[in-house]
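So the sequence lines, in the order shown, correspond to chains A and B. Note that numbering that gives the first Met the number 0 gives residue 223 to position 224 of the first sequence, counting from 1, and the numbers run on in steps of one. Note that numbering that gives the first Met the number 0 gives residue 89 to position 90 of the second sequence, counting from 1, and the numbers run on in steps of one.
These aren't lab readings, by the way, just hints derived from the structure by calculation. Fair warning: there could be bad hints in the mix.
Given that identical chains are not distinguished, each listed pair holds provided it fits within a single copy or across any two copies.
Distance condition first, Cα-Cα at most 25 angstroms in a straight line; then the derived SDA-like pairs of lysine to any residue [stated by the list, open to error]:
1) 265 - 9
2) 233 - 288
3) 37 - 198
4) 207 - 319
The chain contents come next:
Protein chains: 2
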Amino acid sequence: MLKPDKLSLNIPDTTKPRVVIIGGGFGGINLARKISEKHFQVVMLDRQNYHGFWPLLYQVATAGLEPDSIAEPLRKMFGSDDYADFHFRLVKVTGINPLNKTVETIVGELPFDFLVVATGTKINYFGNEQIKKYGFPLKQIPQALNLRSQLLQCFEQASMTVDPETQQSLLNFVIVGGGPTGVETAGALAEMKKHILPTDYPGVDFSKMNIFLIEGMDRVLPPMSQEASEKTLKYLQEMDIIVRLNTLVEGYDGETVILKGGEQIKTNTLIWAAGVSGAVIEGLPEECVERGRYLVNEFNQVKGYDSIFAIGDVAMMKSPEYPKGHPGVAQPAIQQGKLLAKNLKRIVEKQPLEPFKYFDKGSLAIIGRNRAVADLPNNMHLGGFFAWVIWLFVHIMYLIGFRNKLVVLSNWIYKFFTYENSTRLIIRPFVRRGDRVSQNFINKYGGD
Amino acid sequence: MLKPDKLSLNIPDTTKPRVVIIGGGFGGINLARKISEKHFQVVMLDRQNYHGFWPLLYQVATAGLEPDSIAEPLRKMFGSDDYADFHFRLVKVTGINPLNKTVETIVGELPFDFLVVATGTKINYFGNEQIKKYGFPLKQIPQALNLRSQLLQCFEQASMTVDPETQQSLLNFVIVGGGPTGVETAGALAEMKKHILPTDYPGVDFSKMNIFLIEGMDRVLPPMSQEASEKTLKYLQEMDIIVRLNTLVEGYDGETVILKGGEQIKTNTLIWAAGVSGAVIEGLPEECVERGRYLVNEFNQVKGYDSIFAIGDVAMMKSPEYPKGHPGVAQPAIQQGKLLAKNLKRIVEKQPLEPFKYFDKGSLAIIGRNRAVADLPNNMHLGGFFAWVIWLFVHIMYLIGFRNKLVVLSNWIYKFFTYENSTRLIIRPFVRRGDRVSQNFINKYGGD
Numbered sequence: 000m001l002k003p004d005k006l007s008l009n010i011p012d013t014t015k016p017r018v019v020i021i022g023g024g025f026g027g028i029n030l031a032r033k034i035s036e037k038h039f040q041v042v043m044l045d046r047q048n049y050h051g052f053w054p055l056l057y058q059v060a061t062a063g064l065e066p067d068s069i070a071e072p073l074r075k076m077f078g079s080d081d082y083a084d085f086h087f088r089l090v091k092v093t094g095i096n097p098l099n100k101t102v103e104t105i106v107g108e109l110p111f112d113f114l115v116v117a118t119g120t121k122i123n124y125f126g127n128e129q130i131k132k133y134g135f136p137l138k139q140i141p142q143a144l145n146l147r148s149q150l151l152q153c154f155e156q157a158s159m160t161v162d163p164e165t166q167q168s169l170l171n172f173v174i175v176g177g178g179p180t181g182v183e184t185a186g187a188l189a190e191m192k193k194h195i196l197p198t199d200y201p202g203v204d205f206s207k208m209n210i211f212l213i214e215g216m217d218r219v220l221p222p223m224s225q226e227a228s229e230k231t232l233k234y235l236q237e238m239d240i241i242v243r244l245n246t247l248v249e250g251y252d253g254e255t256v257i258l259k260g261g262e263q264i265k266t267n268t269l270i271w272a273a274g275v276s277g278a279v280i281e282g283l284p285e286e287c288v289e290r291g292r293y294l295v296n297e298f299n300q301v302k303g304y305d306s307i308f309a310i311g312d313v314a315m316m317k318s319p320e321y322p323k324g325h326p327g328v329a330q331p332a333i334q335q336g337k338l339l340a341k342n343l344k345r346i347v348e349k350q351p352l353e354p355f356k357y358f359d360k361g362s363l364a365i366i367g368r369n370r371a372v373a374d375l376p377n378n379m380h381l382g383g384f385f386a387w388v389i390w391l392f393v394h395i396m397y398l399i400g401f402r403n404k405l406v407v408l409s410n411w412i413y414k415f416f417t418y419e420n421s422t423r424l425i426i427r428p429f430v431r432r433g434d435r436v437s438q439n440f441i442n443k444y445g446g447d
Numbered sequence: 000m001l002k003p004d005k006l007s008l009n010i011p012d013t014t015k016p017r018v019v020i021i022g023g024g025f026g027g028i029n030l031a032r033k034i035s036e037k038h039f040q041v042v043m044l045d046r047q048n049y050h051g052f053w054p055l056l057y058q059v060a061t062a063g064l065e066p067d068s069i070a071e072p073l074r075k076m077f078g079s080d081d082y083a084d085f086h087f088r089l090v091k092v093t094g095i096n097p098l099n100k101t102v103e104t105i106v107g108e109l110p111f112d113f114l115v116v117a118t119g120t121k122i123n124y125f126g127n128e129q130i131k132k133y134g135f136p137l138k139q140i141p142q143a144l145n146l147r148s149q150l151l152q153c154f155e156q157a158s159m160t161v162d163p164e165t166q167q168s169l170l171n172f173v174i175v176g177g178g179p180t181g182v183e184t185a186g187a188l189a190e191m192k193k194h195i196l197p198t199d200y201p202g203v204d205f206s207k208m209n210i211f212l213i214e215g216m217d218r219v220l221p222p223m224s225q226e227a228s229e230k231t232l233k234y235l236q237e238m239d240i241i242v243r244l245n246t247l248v249e250g251y252d253g254e255t256v257i258l259k260g261g262e263q264i265k266t267n268t269l270i271w272a273a274g275v276s277g278a279v280i281e282g283l284p285e286e287c288v289e290r291g292r293y294l295v296n297e298f299n300q301v302k303g304y305d306s307i308f309a310i311g312d313v314a315m316m317k318s319p320e321y322p323k324g325h326p327g328v329a330q331p332a333i334q335q336g337k338l339l340a341k342n343l344k345r346i347v348e349k350q351p352l353e354p355f356k357y358f359d360k361g362s363l364a365i366i367g368r369n370r371a372v373a374d375l376p377n378n379m380h381l382g383g384f385f386a387w388v389i390w391l392f393v394h395i396m397y398l399i400g401f402r403n404k405l406v407v408l409s410n411w412i413y414k415f416f417t418y419e420n421s422t423r424l425i426i427r428p429f430v431r432r433g434d435r436v437s438q439n440f441i442n443k444y445g446g447d
C-alpha cells in the first residue's frame, strides 16, 4: 500500500522562474501552449489526466459519443519537444500559501514564482444534500457515463414492468437547469425518444416518456439573447419537452421531485444541471473571493497579489461592460490564458502589462436536428438549420486533436443519416452514491 | 426504490414454440440471427446489453480502443423488422428448471419450449481468494477500463516517487497466463513502453519497467501449434518481455507475487488471464457437467435432454478429433449457433438433425507491430508481417457493425503511423474491490 510519504511532486529544480498552473481546462491549456519555456518552467497540476471538451459532455451522457472523442490526455497534448520544460502531475491541490509562495498538495508543497488558478467550476447543489445524494450531476466524464447507464437501465426496466406507476417513474426524466447543458441534454433525450427508443424497446410505449426541463428564471438559456431564448423555448416545445420556467426544485428523495409550489413528479432520474460555483482553493484571504470566484484585475491578478493569477470561470473580472464578470463559457478562459502567457513574459522583461479585453465571438446552443440557436457578434441572431450547421462546424473545429475530429465527425455523419446513436452500452461498473435503483438493478438484475 | 415484485420478464404470449437463449455472445447472436421467427418466438437474456468482440478487449485495457469499438448493443443488432418476434431482456438468470421447462430469473420464471445455454465462460481463479481480491481480471469491458486506469495511474505515480522500491513495484507488471489474452496484453504493454510512455512521462526511466508473463505450461499459446508457440516466445523476448514457463503463481497480497519455487515479484498490478471455466447455471443434474462445461451430443443437446442445448464455450462436445471438446474460441460458438438455428427448424418440421462438424478456420495471435502468428488450415503456419496483416484483416472483418469497423480501422491506421495510443484517459470512477493502491490514489491524489 502506497503511503503518502512515498510520493512527492518530484519536479526538477530550475534556475528559471516557475509558473504553476492549477487546472488543464480551456484557460490552463491555452496558457501552457503559449507560455515561453525559454523564460519559465511550467508545472501543471490537475486531478484528471485529460483536457475535456465539456460543451459536448452531454453527448457522452446521451450515448452519442465516447469519452475519448471529447477528451485529450494532457501528457499527449504537451508531450512534444516544444514543451521540454513542461511538467504535468496528476494530483489534488489542497491549498495555497501566498506568504511562502507555495502550492500545497497531498504529496507535498511546491514553491512557485507565479501561480495561475485555472480550476474552473464545481457543481453547486445550493446546499441541498438530498439532491447531492440522489441527483445525477453532469460535469465530468465518469458522471456522464454513469448517467448514460442510468438512462439505458431505466428503459430496460421500463420494458420489464407492467406496473403503470413504476413504469411512469422510469420514463419520467427531470432535468433541472435551463442553461446550455440542460437544454442540450433535454434535446438529445427527445431525439432518442423519437428516433431510437421505439425501435430498441418495441415493448415500451414511449408516448408515456416525459422529459421535464425545470428552470428557475423566466427563460431558458438565460445567458443568451432574448431572441435565442424564445426560439429555444419554441424548439423545446415542438419536441414535446415539458418546460417549467420560474420554477425551483425543493427536494428529491430518489423517487419524487418536489417543485416549489407543491407540484410533485415521480422519477428515477433527476439530472442536476442547475448551477456551478468557482472551484476556489483554500488559502487566499476572503476579500479575494466574491460569489465563489476570485476577484481579479484586468491583468487577471488576484486582488492583493501580483504573482497569483486566476483565469476563466474561477476568475471574476468586473468591467463596465461585464459588471458581474464574464460569462462562464470557454472563450473568456481561452482568451485570458493566451493573454496571460504574453503578460508573464512582459513581467520578467519588466514591460507594462496588456489589459484583458474580451472579444465575444458569440454563443451557440443546439436543441436537435436542424434546431439550434446562435448569438453572433453585431447583434446577429440565427436559428434553425443555419445555426445548427454553424454549431456543428464550430464544435468540430474546436475539438482538440486530429483523431477526435475525425471520429466525432464520422459519428455525427453516421447519426445524421441513420438517426442512430452509436454507443448505447451500459458499462456502468459502479454504483453511484445513494443510487438505490441502480444498486438494486446491478446487484439483482445483472449488468457488470 | 424498485422492488423485484414490481418487475417481471413481461414477454408477450405466443402460439409459436418459444426459444430462450441465455447469452448474447458469439453463439447466441449467430443462433438468433439465423433462427426462423416464422417458426419460433425468440427470447434472449443477458446481463449485459451488448455483444462484445472479446478478442480485442485487451486493446480497451491498453488504451488502444474505446468500448464502443468492440461492443454492439444487442437491441441495436436485433432492432430491425426481420426480428419482429425477438425479445431481449437485461436480466440475470439464476437457474434452470428442466422438469417444468422454465428458466428462473430474479424477476420471475419464463417457460420455454427450447432452451439454449450460450453463457460462455467465467473467470477461474482456481479458488485463490487473494488473487480474486487483488488481481485485475480482463474479461468484461468495465474490467478493461479499470485495468486501463490502473496502468496509467501506476505511470503517474511512478513519476511522483523518488523511492526506488516504490517506483519499481509501480513499474512491474505481472501478467499471469500465456494464452492469447496474456500474450496480446503483454505485447501491447511492450509497445506502449517503447513508443508512448517515454514521451508521456519524460521524468520516468522506462528501462526499469518490467513486463512479466507467467505461464504454467511449457509453452505460450498452448492452444496453438508448436511453431506458433516458438515464434511467439521469440517475439516476446525480442520485445523485452520476461517470460516464465512452467511457472505457477501461488499468491498475491496486492504487493508481492509469490511464484511456485519461491521467487517473489513486487508489483501493484497483477493481471489475471490464467483461466476460465464454463458459466454453467444451477439446475441441471451433475452428470450433465464435466470440467465446468455441459456435455452435449453432436446436435448440442445437453446430455439427457432433447430440448435443452448448450453451444460455444459452455458446451463440451467430445469427438475423436476433439476428445476434450472444441477450443474455447469464437469459431465453434459461431458455427454451432448457425447449425442449431437450422436444427431447431428441423425439429419442429420432424426432420432428422444435422450433426455438428467443426471447420477449423485457423487461429491467430498478435504480439506487436508486424509480429503475429497464424495457424492456418492444412498445417500452414505463418509469422511476422504477413500474419500481422491477416490478423488486422480478420479482426476488422469480424467486428460487428459498420461504424465500429470504420472507427477501429481509423484508430489502427492512426496508431500505425503515429505510434500513438488514442485513448489514454483515466476515467476510472470507482475503486476495484480490494484495490488499495487505487483507492489511496483516487481519494488522496485526485482522479475522478
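What hint numbers does the structure not satisfy? 2 and 4
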